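Novice: Given next are the chains, with one letter for each unit.
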Amino acid sequence: MGAFLAKRLAQAVVVAFGALTLVFVIVRAVPGDPAKLIVGPDASAGQLESVRSDFGLDDPLWRQYVDHLGGIVRGDLGDSWRLGGSALTNTLERFPATLTLALAALVLTVAIGIPLGMLCARRPGKVLDLVVSTGSLAGQAIPSFWLGIVLILLFARHLDWLPATVDGSPAAVLLPALTLSLPFIGWLARLVRSSALEEGAKDYARTARAKGVPEGTIQYVHVGRNIAIPVVTVLGLLMGNFIANAVIIEVVFSWPGIGSLMVDAITNRDYAVVEAAILTITLSYIVLNLFVDVVYFVIDPRLTPEDA
Amino acid sequence: MSVARRAVRGEGRPGRRDFLAMAGLGATAVLLSGCGVGSGAPRGALRAAFGQPVTDLDPYNAATAVDEASLIVKRLVFDTLVRREGKTLVPGLAAEWRRDGDTRWVFTLRRGAVFHDGSAVTARDVVACLEHTRTVVSAQTPLWATVTGAEAPDDRTVVFTTDGPLGSLPVNLTLLFIVPARRVADPAQKRSPIGSGPFRVTGFTPSTSVELARFDDYWGGRAESPAVSMPYIAETSTAITALRNGDIDLLWPVPPDQLPEVTGVPGIAVESIPSWTYYFNWFNCSRKPFTDPDVRRALCHAVNVPQIVESLFGQGGWQMRAPLPATVAGHAAQEPWAYDPAAARRLLARAGLGRGFTTSMMWFDSTGPLARELAQAMISAWAGIGVTVRPQSIEKAMWLERLNSLDWNMNLQTNTVTTGDAAFTIGRLYDSKANRLGYRNPDLDAVLARAAATPEGPERDALYGDACATIWSDAVGLFPVTLVTGYGRARELTGFTPAANNQPDLSVVGRR
Numbered sequence: 033m034g035a036f037l038a039k040r041l042a043q044a045v046v047v048a049f050g051a052l053t054l055v056f057v058i059v060r061a062v063p064g065d066p067a068k069l070i071v072g073p074d075a076s077a078g079q080l081e082s083v084r085s086d087f088g089l090d091d092p093l094w095r096q097y098v099d100h101l102g103g104i105v106r107g108d109l110g111d112s113w114r115l116g117g118s119a120l121t122n123t124l125e126r127f128p129a130t131l132t133l134a135l136a137a138l139v140l141t142v143a144i145g146i147p148l149g150m151l152c153a154r155r156p157g158k159v160l161d162l163v164v165s166t167g168s169l170a171g172q173a174i175p176s177f178w179l180g181i182v183l184i185l186l187f188a189r190h191l192d193w194l195p196a197t198v199d200g201s202p203a204a205v206l207l208p209a210l211t212l213s214l215p216f217i218g219w220l221a222r223l224v225r226s227s228a229l230e231e232g233a234k235d236y237a238r239t240a241r242a243k244g245v246p247e248g249t250i251q252y253v254h255v256g257r258n259i260a261i262p263v264v265t266v267l268g269l270l271m272g273n274f275i276a277n278a279v280i281i282e283v284v285f286s287w288p289g290i291g292s293l294m295v296d297a298i299t300n301r302d303y304a305v306v307e308a309a310i311l312t313i314t315l316s317y318i319v320l321n322l323f324v325d326v327v328y329f330v331i332d333p334r335l336t337p338e339d340a
Numbered sequence: 009m010s011v012a013r014r015a016v017r018g019e020g021r022p023g024r025r026d027f028l029a030m031a032g033l034g035a036t037a038v039l040l041s042g043c044g045v046g047s048g049a050p051r052g053a054l055r056a057a058f059g060q061p062v063t064d065l066d067p068y069n070a071a072t073a074v075d076e077a078s079l080i081v082k083r084l085v086f087d088t089l090v091r092r093e094g095k096t097l098v099p100g101l102a103a104e105w106r107r108d109g110d111t112r113w114v115f116t117l118r119r120g121a122v123f124h125d126g127s128a129v130t131a132r133d134v135v136a137c138l139e140h141t142r143t144v145v146s147a148q149t150p151l152w153a154t155v156t157g158a159e160a161p162d163d164r165t166v167v168f169t170t171d172g173p174l175g176s177l178p179v180n181l182t183l184l185f186i187v188p189a190r191r192v193a194d195p196a197q198k199r200s201p202i203g204s205g206p207f208r209v210t211g212f213t214p215s216t217s218v219e220l221a222r223f224d225d226y227w228g229g230r231a232e233s234p235a236v237s238m239p240y241i242a243e244t245s246t247a248i249t250a251l252r253n254g255d256i257d258l259l260w261p262v263p264p265d266q267l268p269e270v271t272g273v274p275g276i277a278v279e280s281i282p283s284w285t286y287y288f289n290w291f292n293c294s295r296k297p298f299t300d301p302d303v304r305r306a307l308c309h310a311v312n313v314p315q316i317v318e319s320l321f322g323q324g325g326w327q328m329r330a331p332l333p334a335t336v337a338g339h340a341a342q343e344p345w346a347y348d349p350a351a352a353r354r355l356l357a358r359a360g361l362g363r364g365f366t367t368s369m370m371w372f373d374s375t376g377p378l379a380r381e382l383a384q385a386m387i388s389a390w391a392g393i394g395v396t397v398r399p400q401s402i403e404k405a406m407w408l409e410r411l412n413s414l415d416w417n418m419n420l421q422t423n424t425v426t427t428g429d430a431a432f433t434i435g436r437l438y439d440s441k442a443n444r445l446g447y448r449n450p451d452l453d454a455v456l457a458r459a460a461a462t463p464e465g466p467e468r469d470a471l472y473g474d475a476c477a478t479i480w481s482d483a484v485g486l487f488p489v490t491l492v493t494g495y496g497r498a499r500e501l502t503g504f505t506p507a508a509n510n511q512p513d514l515s516v517v518g519r520r
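One line per chain: the protein sequences are A and B, in this order. Every position in the first sequence, counted from 1, becomes a number in the numbering used here once 32 is added. Every position in the second sequence, counted from 1, becomes a number in the numbering used here once 8 is added.
The set of hints was computed from the structure by calculation and includes no laboratory data. Quick caveat: nothing in here was measured; it's all calculated off a predicted structure. Some clues are possibly wrong.
[Unchecked claim] Taking lysine to any residue and the SDA-like style, the derived pairs with C-alpha atoms no more than 20 Å apart in a straight line are:
| hint | chain 1 | residue 1 | chain 2 | residue 2 |
| --- | --- | --- | --- | --- |
| 1 | B | K198 | A | S118 |
| 2 | B | K404 | A | R60 |
| 3 | B | K441 | A | A77 |
| 4 | B | K404 | A | S118 |
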């Protein structure tokens, strides 16, 4: 297990390095001078030069890159020109809000998607199965920002059941979480359905039926345990997706997380914050995948590191 | 023994009930942690949402020197020597002021003003603030260019010296926020500033929310509300919904096309006021064919401005009759450009462009409400006289870079006359040295210099009137519409007065 984790960690470092390099290049390739945004349209050439010097923007790109990597090793991603202070600190201050949103979305997806998939598997081809299949496709085709606005208009404006934005109450998480999770609920249900149908046709399930075990017990206990591996794999990916997809949702719902921070930073060429936010999202994705790999062994001890 | 531990030891797999228990615990944890997201406003707080984010509270940050959202908060947290109420200047921290010769202004501070940390506001603090702001290059820089220094002969007297007559100094001082001398260059001012205004900062998440609490020792008396909470709600429909549902008490500006969504809604009142924000479409006067005034005038004649303003903005906009809004000091109404495509074609023919030409227009969508629609309407009108305009909707960062380097043909944007005075806009933008749109006119420069040196009064108004006429007749730009700011507010609010500069005084707003 130790060798397996070490290998995975080494891969994670390579992925993080690749992501950071990519982000470094992309944010600087996009037109727009941060110095002009910092001091505004009335700045003199001397003032612009001074600001560029303060933030190292006048250095050759390769030197900026080397300094950037050195800073990352020291845990210093530079200062945010827009927000002041460490870019990483600014980002980490906002990360719990994004994590909360992503976790809430995951709970909703699991709580609705798995039972729905099981029900579809028990009655394949029936009305519910068709509705879920069609809804799943529709859900993934709908743009999340549009869906968010529609949910706000429906549940907040017309029905007045839920707050449209952050008001300090726990209920405020529901609408953004639902917006994040809706496209994936049908997707998870279809995965559970197909896995359950496949497992339900295997010998152990047939034997259980022959022994007179109730169908519900077969589905939720015997089959349920055996579809855990693919479901856990998907849940790990989903959590990562929720963190990354929160970018737009957070803007729509004014959710004070890393996504709205990143949009603001990109718009204003706050390089340090963009890089800190991308690094945080990348690392969380890597950690989640690593966590899922470890969970495999907990769920199914028959697995060995070579299987993972 | 815990479920997880049993599973790890292989003593048993998590059963359905265990799984559900864990899921329930997880959900509870998420919901509980959700309680901590965002800052619920304290009971009785005024919840006010403005359409732009507050990114910084440092009164001397160049990037936010004239940023409306930041100014709203700064006016609640800091004091200025002089304040503007409508078109009138009234005492702020300065109880009185007088001109002492052509190059000296003497201000006397009021007694009893203290900062949020309890220390007294002194003339030394004012001097330190002026000296510091002069070192920062920002949109305010031209306002202080002729101020050579300030001194504090005693705790209550500040003497400003200028290198020539500067009639607009009291107006300019409405933008000089006073902080303790020891804090003028303190980076902590960005997040937790200390001022002497009616509110102190208790929480600030940049671009997300500002939390303010009443400062009970404020010299002007206690604010009506115990606290002010200012969330930033980027999405318009979310903000409108929050207002309708009572999640916020005040929302501004309500975009013109959204006014029907809040008009007539029980519990909500809508108030409007012509703002100091307006649209203009500049022609790059240093680039052909816009070097020829006839071409610029032709483009002005080709657009049916009243129809566009009425159709797009309705009650949310006023047709402009000068290169600055009618409510700004120094405005002088001009004869609107007649909608006359035939005259436009004649002017183009006289300029040797009878077959039209191709050019481009740049803007960024968030510059103001209905920017894209306004651009499209004008581009369509110009197509009618044979002028093909390539629309260039670009990102703000790129727009700013091109604007500064005069790398554009036509530029559509909004602008706000932050001080409510013509000096801020006309004096700053159309002087040849500023070279903001490639327009150079020595006669206009002379008029602007005289206007800047003249104190408020009829002579100064006449000079800015001349400047308005020159800019208008030279058609350096097309000035279509002054935006009318719509304020949507809970009816239970008291004391609220809409502000033309989008910076209402929230310290006098209470609740029934």
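Novice: Each hint: holds or not?
Specialist: Checked hints:
In summary, the hint linking K198 (chain B) to S118 (chain A) is supported, as the alpha carbons are separated by about 13 Å, within the 20 Å threshold. For the suggested pair K404 (chain B) and R60 (chain A), the alpha carbons sit about 16 Å apart, so the restraint of at most 20 Å is met. At most 20 Å may separate the alpha-carbon atoms for a hinted pair to count; K441 (chain B) and A77 (chain A) meet this at roughly 14 Å. A hinted pair counts as satisfied when its Cα atoms are at most 20 Å apart, and K404 (chain B) with S118 (chain A) does not qualify at roughly 24 Å.
Checked against the numbered hints listed earlier, the structure breaks hint 4 alone; every other hint is satisfied.
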